[in-house]
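Undergrad: Chains as they are written, first to last, in the working numbering: chain A, 23 to 338; chain B, 67 to 323; chain C, 38 to 428; chain D, 47 to 476; chain E, 95 to 325.
One or more of the hints may lead you astray.
Claimed, not checked - Below, in silico cross-link-like pairs of lysine-lysine (DSBU-like), each with a Cα-Cα straight-line distance of 30 Å or less:
| hint | chain 1 | residue 1 | chain 2 | residue 2 |
| --- | --- | --- | --- | --- |
| 1 | B | K120 | B | K282 |
| 2 | B | K282 | E | K284 |
| 3 | C | K75 | C | K423 |
| 4 | B | K304 | E | K284 |
| 5 | C | K111 | C | K131 |
| 6 | C | K423 | C | K157 |
These aren't lab readings, by the way, just hints derived from the structure by calculation.
For reference, the chains in residue letters:
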Amino acid sequence: MFELILFSILNGLVYGLLLFMLSSGLTLIFSMMGVLNFAHASFYMLGAYFAFTMSGYIGFFPALIIAPIIAGLLGALVERYGLRHVHRYGHVAELIFTFGLAFLIEEVVQFFWGKQLQDYRVPEVLDFTFFEMFGNAFPAYKAFMLLVSIAIFVLLFAVLTRSRVGMIIQAAITHPNIVAMLGHNVPFIFMATFGVGSALAAIAGVIAGPVLGTGPAMAFELGTIVFVVVVFGGLGSLSGAFVASIMIGLIQTVAVALDVSVSDFFGLFGMSFSPDDFLVDVWTITLPQIAPIIPYLMLVLMLIFRPQGLMGKRES
Amino acid sequence: MTEPAIRLRDLRKNFGRTEIIRGVDLEIGKGTRHAIIGPNGAGKSTLFHLISGKYEPSGGQIFLHGEDISGKLPFEINRQGLSRSFQVTNIFPRMSVFENVRCGMLWSAGYRYAFWRLVDQLRDLTEESERILEEIGLADRRDIPAGVLTYAEQRALEIGITIAGGADVIMLDEPTAGMSRSETDQAVELIRRISEGKTLVMVEHDMGVVFDLADKISVLVYGELIATDTPERIRGNKAVQEAYLGTAEEAEEMADA
Amino acid sequence: ADTIKIGFIDPLSGPFAAVGQSGLKQFTFAADELVNKKGGVLGGTMLEVTGYDNQVSAKEALIQLKKAIGDGVKVIVQGNSSGVANALTDAVEKHNTRNPDQRILYLNYSAVDPALTNEKCNFWHFRFDANADMKMEALTDDIKARADIDKVYVIGQDYSFGKAVAAAAVDMLGKKRPDLEIVGNELHPIGKVKDFTPYVTKIKASGAKAVITGNWGADMVNLAKAANDIGLDVPFYTYYAAGNGITATLGAAGKGRIMLVTEGAANPAHTDAFRAYTTAYEAKYENENITQFRIINTVQMLARAIDKAGNTNVDDIARALEGMEFTTIAGDRVIMRASDHQLAMPIRIFVHTDENVEFDMDNSGFGLVEERAVPVSAVELPTTCKMKRPS
Amino acid sequence: MSVIATTGAATTRRATFRRLAVWLVSAAVLLILPQIFTSGLAVTVMNQMGIAIVFALSYNMMLGQGGMLSFGHAVYFGLGGFFAMHMIDWVDQQLFVFPIYLTPFMGGLFGLFMALVIGSFSTRRAGTVFAMISLGIGELVAALSLILVVFFGGEEGVSGDRTTGPGIFGFNFLQDIEVYYLIAVWVLVAVLFMYLFSRTPAGRMANAVRDNPERAEFVGYSQRTVRLISFCAAGFFAGIAGGLFAINYEILTEQNLNATTSGGVLLMAYIGGIGYFIGPIVGAVIFTLLQTVLSGYTDLWVLYVGLVFLATVLYVPTGLTGIMMMHVPAWRLGRLRSLVVPYLTMVIPVAMLFCGLVGLLEMFHYRNGAPTGEVEMTVFYVTVDFTSPLPWAVFTALTLAGGYLTRRLAPAVAASFQAATSYDAKGSSA
Amino acid sequence: MLEVRDLHAYYGKSHILQGVNFEIGDGEIVSLLGRNGVGRSTTAKAIMGDVPPNGSIVFKGEEIAGLKPHQIAQRGLGYVPENRDIFPALTARQNLLLGQKKAGKSGRWSMEDMFDLFPNLRERADVPGGVLSGGEQQMLTMCRTLMGDPDLVIVDEPTEGLAPRVVTQVGTLLEAIAARGISILLVEQKLAIALSISHRVYVMGHGRIVYEGTPDELRANEQIRREWLEV
Ligand SMILES: Nc1ncnc2c1ncn2[C@@H]1O[C@H](COP(=O)(O)OP(=O)(O)OP(=O)(O)O)[C@@H](O)[C@H]1O
Ligand SMILES: Nc1ncnc2c1ncn2[C@@H]1O[C@H](COP(=O)(O)OP(=O)(O)OP(=O)(O)O)[C@@H](O)[C@H]1O
Ligand SMILES: CC(C)C[C@H](N)C(=O)O
Ligand SMILES: [Mg+2]
Ligand SMILES: [Mg+2]
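Isolated chain A (complex conformation) (with noise of 0.2 Å):
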């Protein structure tokens, strides 16, 4: 039991700041520029396929440089010749089109690689067990995974808080035009905000890739978690998306390993059902069986009564 545990956690945080790296690009692009981008975790997938392409021809580590840099400059035109489009017609406008985006992206894929699942591996040099108890082996590559995410949120915070690209940003999205006659050159500050926060999630991408699959529905599984993940934390809280992608990383991982039902949980208290009663589908829900609700219960239960989020400042 103990080691079920202890591996479990080690997964959730590792599952866990796969999802920050994921959700620190949106928390930039939602919670500063409040685009609801739909098509972050296209970026994601992006990132995944083209490492997993170049990964060929160049090497992992390269890759893993390049094309998040790629991504990005994608990032950073869609909105230029996008969003800033749209952006005039509110955001509602702005969702739609990553919307759409999200759509078209997952049809690009598709259209040039397939509709199958990619055989993206992890490479040779990361392919060894880095550690080993009761026989449970722990991949170097996870303990990789770690690392890099940590360093991110490491990086950006620093960034984040040293500049005040936050506050320009949040000026200019109700009163560009004044932001700009105090000389700050908006749109490029956006155009490059959005492409750090698409680049980040290719980040995400290129090394998740190998781990959760590439194919051309990972963008779509991972697309409302982040917003989950953003949500939850806080809108403009770096802090609180990394608090809640752990949580969410851990609950959903130790909640598979841990076997008991709604009806065990009654037990306790003595109570016991019939297995012909009506509600027998209610007494059988197993924890591992919700497992991947729970983030949605979390999300719905903050919304509620907490508006502002974990660590969120405004509402909205």
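We have chain A; now place chains B, C, D and E with the ligands onto it with these hints.
TA: Same frame as chain A, now just chains B, C, D and E with the ligands:
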């Protein structure tokens, strides 16, 4: 004497530690036109927000026609016959001018949340709305989206919406802000007309307007009323000049500038 | 000459796209090579296979069914996910009773939930794959023989087929190995789990000596991946752990450890005809393999039935199929049982290895090598089906 | 609702009459459609359309009318559908007798009920908070539907037989065409009531709250209650759509409540134009056509839809209906004819561009998946060998030429449009 | 310092500025007077590049017409918008910080100076700008621009909604600013203050400059005042 339209008893409001309204006692008699003046940041708008229910008082009570309305929600207070305008224009930009006014009277006309009757069938509404459009001089702009009106027109519409409900207590926050002299004069006339036989409370920095319209003036300084009196006496009041008007001749200058 | 439209209603996108796409290729190829190139049916009528994407969703499948019927499809083939199959078979029966004049035939080439040929059987549904119970019968015989396996973990996808496998395993092991303990019996959401590490960690902790799983498509790939990472090196008894990237993923780590129970042949090919067929197929699609032998039977037996019926009337074709005896391209004798429309066929147990594989999979050098064959007699099970035939 | 202009007291009678006409015509059209499109496929498609129309309109009651952006509207569609499906089953099992053709109403009531329950907390706030709650609820319900097998039937969903209940006019809904007429009636009724709702005090205030919730509070309305009412109404009609789905397909599964369906309805409404009452109708029709017909011709259809969609968002934010409405002033000024020629000149280059692009895409796509040895394929009914440079060259040329000409001619066309509509032509949305 | 020649500007089709000409010398306070809607704010916006200008705008000897707003600002031109355009989400202090062109680099004016000028702001430094009183917001916009250390400030109706007392205060402030060698273009309609502090005045009407002179001359000129200004 009869119950005043609005009575404030030791009203207080603080945001965090900072006290903004520091114990205001005030009675505004039925049918009077009452102006509240005072330095910037004195708390005039906040006072409005408290009375109209946008903010909840931190202390004291507010009575509307003798009924305690402290802590009630804006729409509840509005339903009791108090209607207000805003310092920054606050309309329904995407709806037509006509609809803006009609929305102002739907509730008080008793249609509430009805989803079983059609607004176009409600002649009384249509006619009344059009009368008000005439009143505020926007009849010719009837069907264009309110968002595209000019600033002055939007200020007028702001007033239109406010009075549409036929409330008997009307509160206007800087109704003539940003208007030119001529526009201001029209606004004053409008306000005079619509406030006939009603209770009017307004905040205004344009002394011309204030002394022109008000039967009574209260001076608010740092969250406290330092005087409530007739225009003439206020003009003469030393403390008021100190805190607000500045020296007499300055005041003159401002008034006719 | 005119054609007979065959509607292939299976996932062509999503986590099971790979399985569906390769299924479609195998059908088209079989139809061309074994029927059309030989002059078609009814002396010149060609078989035309068209794909309809059902995204492994019952609802989408019925929408596609309506479309297919609108397109004038006479025969539908489907196999991916019994969930869909259960919906389809009902829909087909309904449609045929409501529209006697434009009936359709449903050939199930892979959905192996036993119910389909038992309580849910109907006249227009034929299954060309051995059902989950038959396969479990063969599989558990193996475990029975291995005394060292005293703890088994059953994991599967949370839908009818997964449940069927689990039920069969528990029931049969209980009979054949009362001493054996089932240390885990778990269902996970189908096609949604990306990282199976938590599950594998759990299996590891349970101290299981063997794993039984019906997982297929991405769910099998990812399960194998996690198992390799964590180093869970116990025997896996599987239904579908081969091809479409799974073999490649298993690689050396799975050698001699992964068992697979299925019909048909792989290595050896048994007949030159099958050897030639496989070679031709892999020459045409470099990265594809014959992963579903049963597809060949389906196509050949359909063609045979149409000729036997002498017309394209669905009821006649169905009658012709009932009780049809047939020798597969790999030389097995099979019979379409009239009682429940379940093909009675021998079953084989294969092992994942790279030794003497003539036809590897995923170009990985690894492939399936036959361990032993279980004769029809050993796996023929009774049915509860009460077939209602149109008069 | 700009399409049927808001009326002043004076013109009311004539306007009401014109409206009446609109409805009668629509009814007539619905009646004769199946006589024109008789194929089995056509009927299937039209049924799907009808359902989509009701669903999309119900969605716009929130987004367009009430300014509430929901990512979980499928929940009410699905739940309504499931409930109707169960009704059908119960009737089938003779638990009680109930006319099948009324089950959509029951579906609606169930949708309404769920909307009331969920709306009671989700409509407390608007904006992002509401959007995110709806997202969460959507995912929750979808996931739960796989767990609570008794009601949702797990992966396989719930299915039943629509034909067993008491029929009407001898209809027992054996054939899809009978179902078509049922759906047609329901669509007409639902659309009518949704339109009328937008004209009621509650409907008007929904607009007001959308525009400026704070102000609405100061004219006596609780923004929350106003939103809740629209929300429930939307839930009700979504439920009806779900009920129709249940009758038409006789099955409901997790897919009916999941994010994909919720997203789909958002796209439909938006492509059509959320600023106009008929917008979602247009969107639903177009979307369904693409989905069913186009998908029959190419498996790149989603790619094309995606492109069309993005183009719409970028260049006609008011949606397809917006394009039509842009021409109303020209029409009022009787200058529509002056646009014919400029538009025609556009047709050729645009067509070239289109053919070129599609050609290239299709060939590339086919080359990717083509089995070894096969080099033949057909684009636009011509068979080409995609290994030879010729077709590539041709299509590339088409694309470039078309693109160039389009760019060249566009300003002229734009100009003549300006001329034709030279007074502020913004389709004001209510 | 600034020289505007034959400046035209449009909103859509409507031709708002129809050839505006004027200039401002170093450390000069110049007022631009006129009725509502004659185009004074538009002139200001056109100079800042917020409304596309055609014509010539020479600032410190450099043609700036056609540059982007932020480039113009970077060249030392400051603009105080009308109707209190503060950033509601940011605190008063943050609003001021955004005034600086480079983070942390303050020129002639420091944050402290601002707070000394308007003590209200110091008290409210950390509340969101959106909840500041109308007057406080007005002061904030002014200070925010000064933080950017401009050489020429265009001030659009700075006394709007200010208590009479503060209005005089603003007047003094403007003179103080000019004293530090900063030129000021004051867009006003309240004659009193404009006349009291400015060196020269321009009167605008229908998108053109219709009068130029000193305050005294204007005071004297009844006819212009009646025709182009409201008294
Ligand atoms: N929500 C709030 N939080 C913190 N401080 C606030 C809030 N609302 C108002 N204040 C402060 O309360 C004081 C009074 O504000 P108010 O708007 O009432 O002033 P006012 O009398 O209307 O001034 P003006 O005439 O300039 O509009 C101001 O100092 C303002 O900063
Ligand atoms: N965004 C806009 N779109 C269209 N017309 C505008 C716009 N802004 C201003 N106008 C018009 O341009 C003319 C000049 O506007 P401007 O703001 O320069 O007036 P002004 O001289 O500043 O007067 P005031 O500021 O006192 O209203 C006015 O008639 C106004 O209606
Ligand atoms: C294609 C097969 C893997 C489908 C699986 N046997 C099922 O019955 O669902
Ligand atoms: Mg105020
Ligand atoms: Mg101005």
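Undergrad: All hints, please: hold or fail.
TA: Structure-based check of each hint:
1. B:K120 to B:K282: holds (25 Å)
2. B:K282 to E:K284: holds (26 Å)
3. C:K75 to C:K423: violated (37 Å)
4. B:K304 to E:K284: Holds, at roughly 25 Å.
5. C:K111 to C:K131: At roughly 15 Å apart (the allowed maximum being 30 Å), K131 of chain C and K111 of chain C satisfy the hint.
6. C:K423 to C:K157: holds (9 Å)
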